[in-house]
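J.: Top to bottom, those sequences are chains A and B. Quick note: the first sequence uses numbering that gives the first Met the number 0, first residue 0, plus one each step. Quick note: the second sequence uses numbering that gives the first Met the number 0, first residue 0, plus one each step.
Think of the hints as simulated: they come from the structure by calculation, not from any bench. Among the hints, erroneous ones may be present.
Below, computed lysine-lysine pairings styled on DSBU-like, alpha-carbon distance capped at 30 Å [what the hints assert, rightly or not]:
1) K340(A) with K219(A)
2) K215(B) with K394(A)
3) K341(B) with K166(A)
4) K461(A) with K394(A)
5) K394(A) with K332(A)
6) K433(A) with K461(A)
7) K211(A) with K166(A)
8) K107(A) with K198(A)
9) K332(A) with K130(B)
10) K340(A) with K341(B)
11) K375(A) with K473(A)
12) K461(A) with K440(A)
13) K340(A) with K263(A)
14) K461(A) with K449(A)
15) K257(A) with K340(A)
16) K433(A) with K340(A)
17) K141(A) with K392(B)
18) K130(B) with K375(A)
19) K332(A) with K215(B)
20) K107(A) with K332(A)
21) K461(A) with K375(A)
Keep in mind the model is a prediction, meaning the values are calculated, not measured.
The chain contents come next:
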Amino acid sequence: MSRSALCVLLVLVGCAPKPVPPPPPVVAVEVPDPLAARPAIGAPVDFAPPAPEVATLSNHAGLWVINRPALPLVSVVLHVPGGSALDPVGHPGAAWLSDRLMTQGAGKLDARAFAETAERLGIELSASTDLDGSQITASMKKDQLEAALGLVADMVLHPNWGVPDFKRERELAVGELTQALQEPPTVAARTALTLWYGKNNPWGHPAEGTVKGMGQVTVKDVQRYHTQVWNAAGATFTVAGDITLAEAQSALESHLGKAWVASKPAGVAVIAAPLYTDRPVYVVDSPGAAQTMFYLEFPGRPAGDARLPALRTGTIALGGTFTSRLNALLREKRGYTYGVKARTLPRHGDGSVVVSSRIRTDVTGPALSDLLGELKSIQLGISEEELGKARGAYKQDQVEAMESVAGVASTFSTYQIGGFGPGQFAGDLVAMGKVTGDAVKAEMAAYDWKHALVVLVGDRAKIEPGLTAAGVTKIEVVDPG
Amino acid sequence: MLLLLAGLASAAEIPFERYELPNGLQVVLVEDHSLPQVVVDMWYQVGSGNEAAGRSGFAHLFEHLMFMGTFRLPGSGIDQLMEANGGWNNAWTMEDATNYYDVGPPQLLPTLLWIEADRMQQLGQAMTQEKLDLQREVVKNERRQSYEDEPYAVGELEVPSLMYPKGHPYDHTVIGSHEDLTAASVDDVKQFFASWYVPNNASLVVAGDFDPAAVKLVIAGYFGVIPKQALPERPHPEAVVASQKARVTVEDDVDYPQINLYFHTPGSFQPGEAEIQLLGSLLGGGESSRLYRDLVIGGLAQDVSADQMPTKYGSLFVISATANDGVSVQQMETAIDAELRKVVATPASAPEMERLHNQFEYGFLDNLQSLQNRAVQLNQYWAYTGSPDYLVKDLARFRDATAEGLRDAAARWLTPEQAGIVVVNPRAEGGK
């Protein structure tokens with residue numbers, strides 16, 4: 000027992016006239032310190048993830064429904080294959096602008112009326128574009144579901160934007176892309192994407208496009224993209240919230256069933272990133288920057304690959320939590336950064352591992368040496384404790400993803416889009432729980448330095464001597480475009 | 000106690016139980032078995048507004064030090080213990096408060112409570128120069144990342160001195176200056192801890208998958224041994240009223256000028272604050288908002304926003320807009336001023352009020368889906384209104400807001416002639 004809460008109590012014995020009582024004894028009584036010992040941690044509580052109910056609409060679009068009736072909310076994700084991989088050469092961003100324009104007028108509503116209608120009903124509605132697909136997300140109170148699906152149907156079937164809307168949104172997009180050139184994380188990620196896949200790969204440019212490329216996008220480009228991808232073939236609906244399968248099926252059939260026909264899906268051939276060796280360190284010069292943005296990318300595993308859980312486990316141990324190796328060294332021990340993040344990026348047919356951080360300019364070289372040291376060290380394997388942490392972190396992430404209906408819809412849509420079964424979410428949880436230390440060690444070869452892509456956004460003049468001292472022999476300055 | 004979200008399209012219930020320990024610690028229990036997780040949310044009523052002169056950024060620096068270990072759990076033990084068992088944590092510092100939250104699986108709950116009680120009891124005694132120096136560097140890196148290398152954020156560093164007189168609790172930034180962070184000493188840390196990190200200055204919300212009867216015993220056992228203490232006097236600043244426009248201009252590595260107009264508005268949960276928040280939506284909440292139509296659709300700006308930044312001793316309302324190519328700051332300012340006058344002359348229409356109420360209701364429900372958000376919400380109610388029971392009143396103040404109320408609030412608090420303006424211009428040639 001700890002003595003940190005030792006109390007001394009005086010115990011007075013009752014007095015009598017004779018004989019003279021002995022002096023009152025002092026009795027030491029130890030009061031247990033309730034904080035002295037850590038409490039025991041009980042057995043893990045099972046997590047039974049929700050299982051989507053599956054159906055197919057009359058137009059062959061897939062439908063998954065996850066019933067979460069706790070609050071009167073519904074979230075719908077509609078996805079079609081396509082994406083920025085279909086951008087015409089020299090016109091990067093065409094798909095992205097096309098999707099953006101879907102909220103700038105649809106059906107009988109012009110841009111203003113469309114926004115007023117959605118917002119007046121409290122419907123959160125957006126369209127977005129990825130490298131390999133496009134999607135519409137709509138979240139609302141349940142009593143606005145029909146209205147929301149009506150708007151979604153008009154976005155898909157009856158776009159109604161005009162040339163002035165096109166010009167305005169393109170100009171806004173150019174402005175946003177220009178502003179993004181001052182944001183180190185965005186600059187690093189977009190530069191890395193092009194270097195990772197190569198300019199001629201359909202995935203080799205950001206979905207948002209580039210400043211120069213967006214200026215070249217035409218009305219025909221965006222109209223062609225919409226016609227090409229927004230058909231029911233290959234389309235998937237993921238619906239979560241206070242709604243049953245029958246309700247969702249009925250509502251979707253009503254708005255986007257027979258009226259939305261299936262033609263040929265817009266398939267895109269995936270050209271995996273080439274495996275480069277011994278590349279230079281790429282530097283985007285940012286004179287005067289107080290920090291250097293680090294963005295390191297390594298070959299990883301595609302979604303669904305049986306080795307992905309082991310790679311994911313090792314990556315979490317490397318830089319996925321506060322106590323992960325890179326944070327313990329670069330943030331807590333060295334004081335070089337506010338934080339480091341390592342994550343797997345599984346894509347369809349391809350994948351990578353990314354390590355990113357913002358490092359104080361004056362210690363860029365030493366930080367790179369430290370980072371390389373950790374990458375080598377982790378190839379020797381991880382401890383049982385690290386294994387447990389990674390499993391726990393992954394499981395907790397998945398639990399939290401199930402909190403909101405938008406989170407549930409988004410999570411399961413990823414599986415549905417990837418062509419996985421409705422039980423894959425639960426299967427991944429099980430697989431992460433079974434990853435062994437040996438499997439992780441075998442996957443750590445993914446952090447092979449000779450295949451790494453390193454992009455740094457920082458003050459070149461100030462960081463170059465440190466990089467050279469760290470053993471970097473080739474530095475190439477790149478324009479973020 | 001059972002609260003009903005009256006006025007929402009479909010009622011949702013948030014059952015919670017509230018009580019107070021003899022040492023003054025406020026406790027709220029929110030039972031929710033929908034997912035196997037728990038949240039422990041500790042709210043201390045001390046923030047940057049309680050910092051001593053020359054110690055800007057100290058409350059936030061102290062927040063970082065709360066994770067540097069105690070005698071019982073030294074080093075990075077807090078993070079290690081949580082993460083080893085599937086949990087995680089974080090914290091944030093505001094002008095009025097500092098909020099610590101732990102999230103994890105249910106079996107970790109006694110441990111999370113033990114960690115919070117342990118550091119409430121003895122973190123200060125375990126402080127060392129080495130810990131302070133390490134976290135000082137981390138915080139300086141946070142400042143570099145969040146302000147110095149973040150486009151337009153240098154403008155935010157100018158706001159406190161522009162909007163508040165010297166000596167006001169909000170006359171400096173939460174992140175602080177490099178000089179003041181460097182000046183912080185171990186004695187400062189120990190004194191700050193002893194003064195403010197006491198049970199009668201804190202509230203604890205436990206939410207999630209647990210047995211309330213068992214948790215009450217744990218809370219009483221762990222926190223009950225920590226004595227109540229006299230608290231330092233809190234500031235009592237006069238309400239700040241701007242007599243005229245004030246302006247500051249800074250440069251940054253950006254391509255387009257940005258204007259930010261700040262107005263003094265009612266403090267958190269004070270009369271008129273709901274109307275001001277709804278005015279934020281009316282002016283800048285979405286593509287059908289008035290300023291979006293005036294400035295973005297009108298071709299003057301690339302983006303515009305209007306938001307209330309609530310704080311206890313009076314809030315700030317900020318309108319921000321980034322110029323389009325070839326548009327001057329003056330043109331944007333003229334358009335914003337015109338809309339602020341129009342909001343008084345032409346109150347919100349019925350469809351606009353419908354939009355504001357529906358957007359609020361959806362946002363409120365959406366926010367409550369997160370267990371952590373629910374915990375924070377109840378702690379905020381306690382901190383700013385004195386009771387977590389405020390939820391029904393909170394909903395009512397938004398539900399009952401009228402177009403006339405918004406007009407009156409705009410006339411009183413959003414007067415163009417009283418704006419504090421921060422302009423961020425592209426840097427002239429010559430670098431940083």
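J.: Hint by hint, note whether the structure agrees.
T.: Comparing the hints with the structure gives:
{"no.": "1", "hint": "K340(A) with K219(A)", "result": "violated, 41 Å"}
{"no.": "2", "hint": "K215(B) with K394(A)", "result": "holds, 27 Å"}
{"no.": "3", "hint": "K341(B) with K166(A)", "result": "holds, 28 Å"}
{"no.": "4", "hint": "K461(A) with K394(A)", "result": "violated, 42 Å"}
{"no.": "5", "hint": "K394(A) with K332(A)", "result": "holds, 28 Å"}
{"no.": "6", "hint": "K433(A) with K461(A)", "result": "violated, 46 Å"}
{"no.": "7", "hint": "K211(A) with K166(A)", "result": "holds, 15 Å"}
{"no.": "8", "hint": "K107(A) with K198(A)", "result": "violated, 40 Å"}
{"no.": "9", "hint": "K332(A) with K130(B)", "result": "holds, 10 Å"}
{"no.": "10", "hint": "K340(A) with K341(B)", "result": "violated, 47 Å"}
{"no.": "11", "hint": "K375(A) with K473(A)", "result": "holds, 20 Å"}
{"no.": "12", "hint": "K461(A) with K440(A)", "result": "violated, 37 Å"}
{"no.": "13", "hint": "K340(A) with K263(A)", "result": "violated, 40 Å"}
{"no.": "14", "hint": "K461(A) with K449(A)", "result": "holds, 25 Å"}
{"no.": "15", "hint": "K257(A) with K340(A)", "result": "violated, 46 Å"}
{"no.": "16", "hint": "K433(A) with K340(A)", "result": "holds, 24 Å"}
{"no.": "17", "hint": "K141(A) with K392(B)", "result": "holds, 24 Å"}
{"no.": "18", "hint": "K130(B) with K375(A)", "result": "holds, 28 Å"}
{"no.": "19", "hint": "K332(A) with K215(B)", "result": "violated, 38 Å"}
{"no.": "20", "hint": "K107(A) with K332(A)", "result": "violated, 61 Å"}
{"no.": "21", "hint": "K461(A) with K375(A)", "result": "holds, 27 Å"}
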